[in-house]
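Trainee: So the protein lines, in turn, are chains R and D.
At position 98 of the first sequence (counting the first as 1) the number is 97 in numbering that gives the first Met the number 0, and the numbers step up by one without a gap.
At position 291 of the second sequence (counting the first as 1) the number is 290 in numbering that gives the first Met the number 0, and the numbers step up by one without a gap.
No lab work stands behind these hints, which were simulated from the structure alone.
Ideal placement from N, C-alpha and C gives every residue a C-beta, glycine not left out.
Any given hint could turn out to be false.
As the list claims (entries may be wrong) - Now the in silico label distances, taken between C-beta atoms and shown as ranges:
(1) R/Asp135 <-> D/Pro414: 16 to 24 Å
(2) R/Ala190 <-> D/Asn409: 28 to 36 Å
(3) D/Thr373 <-> R/Asp135: 50 to 58 Å
(4) R/Arg125 <-> D/Thr373: 31 to 39 Å
(5) D/Asp418 <-> R/Gly228: 55 to 63 Å
(6) D/Gln376 <-> R/Glu237: 38 to 46 Å
(7) R/Ile178 <-> D/Lys161: 47 to 55 Å
(8) D/Asn409 <-> R/Pro25: 20 to 28 Å
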Amino acid sequence: MLSIKDLHASVSGKEILKGLSLEVKPGEVHAIMGPNGSGKSTLGHVLSGRDNYEATSGSVEFLGKDLLAMEDIEERAREGLFLAFQYPVEIPGVSNMEFLKASVDAVREHRGEEPMDSIQFMKLAREKCKAVNLDDKFLKRGVNEGFSGGEKKRNELMQMMLLEPKLAILDETDSGLDIDALQVVAEGVNAMRNKERSFVLVTHYQRLLDYIQPDVVHVLADGRIVKTGDKNLALELEEKGYGWIEQEVA
Amino acid sequence: MSDFAEAAVALSPQNSPGWLGELQQQGRNEWQVTPLPTRKTEAWKYTSLHPLSSGDFLRWAPAKNKFTDVNRLRPFYAIEGLDAARLVFINGHFNAALSSSDFAEGLEVLRFAEADEAQRQVIQESLGSIADRSEHPFAALNDSWIEEGLFIRVAANTRIDKPLHVIYLTTEQAEAFSVQQRLFVELESGAELSLIEHFASTEEAQNSFTNALTELRLQANARLHHYRLQLEEEQALHIGGVHVDLQRDALYDGFHLGLGGRLKRIDVVVNHNGSGAHCDLNGVYLPRHEQHIDYHTCIEHRVPHCTTEENFRGIIGERARAVFNGRIHIHKDAQKTNAQLNNRNLLTSREAEIDTKPELEIYADDVQCAHGATIAQLEEKSLYYLQSRGIARREAEVMLSFGFINELINRVNEPALQDYLRPILSELFVEDAR
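Only chain D is shown next, with the shape it has when bound in the complex:
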């Protein structure tokens, strides 16, 4: 066991409710028997855990931070025009002052710490029931660290109109620290929710390592619009997992956005467990400078008649590196599956690198599947067209780069979110062009 692995498991939760002890123990056990991934581990071939290895991050942040007036934190996550219920965590600590306390009828929002006996039972049964910790070592570590977290449930046949905006904010601390985030969402049959998971930070000098694990269960005919925005500053480390369980005719509509950083790795696993389920998975990654970002997606088609439409696009600039691994696994009973995976990449510098690998594994014979990955530069004829209208080449490059991902932003269902993201992203390209 490496020093980091040993030190990580020795870090115990601060004020964990005792009833989560069993889960912590299971996580610890799994973490201890699983070798820490190295570059020789297939799923981690292109992503090094080196930035973590010193163990500097293995302590919790104090509950207090330098922002004594918490209202000053709002600008770092506020989305103008978004009428949403809000839940705010700062360095892993729940902040009641910044969070909503009233929720729509049918929307149950429960912090682990507040759960009563019956609720504890449900939470215990739910946590870890979707994420496979034997396959995902950082999910095991998340279990072992579990303390604070959210359990969210939408009652059957209830549509929640206002999106739920969950904010995970980190601030710079005197010493490097770890953040443990855990979220479980249960949509009962016929329920519908828009969920924004928003990772942000307050300033450039970030020294946090976030381990975030989200499990989403969609019962029959439920619909979830999930926006996972990973917008922390580049010094922040982030390893995240999203694990989805889709029951019959459920719909997962996911949008994942990731800026690069020293180490960013996100695993998205969608399990089609009920026939007729549909997964729409879109993602955008935009590393620059010397950043690194890695998206591993895996769609498990276990039952017949499910569909998947997956589109990930990346723009990789300067000396940055991106990894995209998109796996679609069609089990032998999953007849009549229709699954499409498309990954397109734009390299805007000679030193930028993308390692993309779409993987199809098919054990059923009556299925329709397609996958493809492309790597390109900006198209000369498009640049020519814009320039022939008087637009300067640099500006044309910015417009085309932005347009490339704007196609996916256009599919985001929340107009306020589109309006929030566009300037952030276009600013990135303008900076690049300078």
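Excised from the complex, chain R in its bound form:
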């Protein structure tokens, strides 16, 4: 699915990822944990192709294709990569419905599928709203406009459900969520888990992993994966913090 080898990347000229390697197989759920500033969010943006997030060396293979060679952000998305934003962007004036339809149409077209007609799509969008416990009046509002933190995260989740990506990277989707909202997110992810689809959960807290069982847990520190284990590693981190790993690595 995703094979990252010795990736170095810089943001506006400053090196943040310093030799990161990661192997994600189809159907697996990986959790990446780590202290602030370790490069967790940078990884997501480098993979999705954001401007000024530049891979300087190393390689990234996504479904057998060279991801870094795909220049357009939209191309990576259409190939099946999805990044749930830590801070979803508010776009007043563009209705959520219009946005969702445009994105689903773009991805379907890329897959060689017909665009959905508006009524069919409306029905589907309402269904997904329900699944993430978001009132369907949010479909008419501007994209994320005036949404609370939790509503924005649920909107991200809804987009993921509509786009049905092959690999979803959830960047701190759990931050700022109360337990109820966290469960909604977890249920959404669990419902989408299958043998083909992989997830990378970037998180600060072990709490999310009580609801989504990861196959592999990594610790990211100073731009590299410094430790890899199973779900027990997350529990250990919760108990002891990151200090011991940083010492171990040093």
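Starting from the structure of chain R, add chain D where the hints point.
Mentor: Just chain D now, with coordinates in the frame of chain R:
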């Protein structure tokens, strides 16, 4: 006096009723003593009258035009789903066949030509009572040319449910021509009306110069929703003025939309003359190609306790140029004024230009005022967000540009009008993206 100024004043109305002669003379006098604005005139610094200077436009259009079947004109102005009373002018001539003849109870619609003795008196007293022709030379010219026009009155405490759709259509003519439009609206106390002033044209090759002057008087507690749509093709020249008199607790809810052209200039002047009045003024301008558009707004707060909320937004593309000058003038007695002015601009090309100038002039000490103007490109993080969902960059740009003005379209009170405008506008951006 320049050649144009001299020739313009020499153009006399075709069939003007004699009783308007005095107003014409006053307009002529004012026009003759006022120098024609040049780029050295502060209010015209960024807008050149050059396209008019040859004087080619100084003749009236014949009453007949090539559309012998007038029904073929409907598609150029029809707003689907809008249940409205309609008044249609073609090249400045009233068209009875396309216009409504029955109006709601309490709504008086009077053409100058039809006025009886008593009505003439009222019209004479009204015309020019709001627009200050010494400040607005083209208002003076409008007076001097006055002939056809509308006087509209809504009776006290009457709410007119159906909007009034006034259409000014121009068609291409063999020779360039001028169009004189004049409208006076009087809302008696507690009256309410939705008024759509709709300027449109039939084809690309337009050779008209429109001089349009609208005066709106809102008596105490009256409410007017005013939509002024300036959607003519880009070859058409247009100089327009809207002058509003707000009495106590009156509400002016204005939406102004302007596409660009060779020369488009609109002055909006709102006078708070009675305390408790409120002005909501929204506007959108969208010049592209090598077009030019200029909105000058001026809000006069003369009395205490009035409020103004003004938002103008523009998207300027290619080599186009827009001018926005928003003045708020708070006179010394206008305590407890609350006035907000915001102007935001989006430049979608390196060669596009905006000259924006918000002006606050405050002579009262107990007021709340804010003004601001911004000029920006599309936000990178918003583009990134849309692209990360598979939307192509060009499409994302179109969506964001449209969204930027759609926020103001969303405030338009008539759903049918929203539905009419959205595709016209989004089509503009799609064209731009090609």
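Trainee: So, against the hints stated earlier in the document, which numbers end up violated here?
Mentor: 3 and 8
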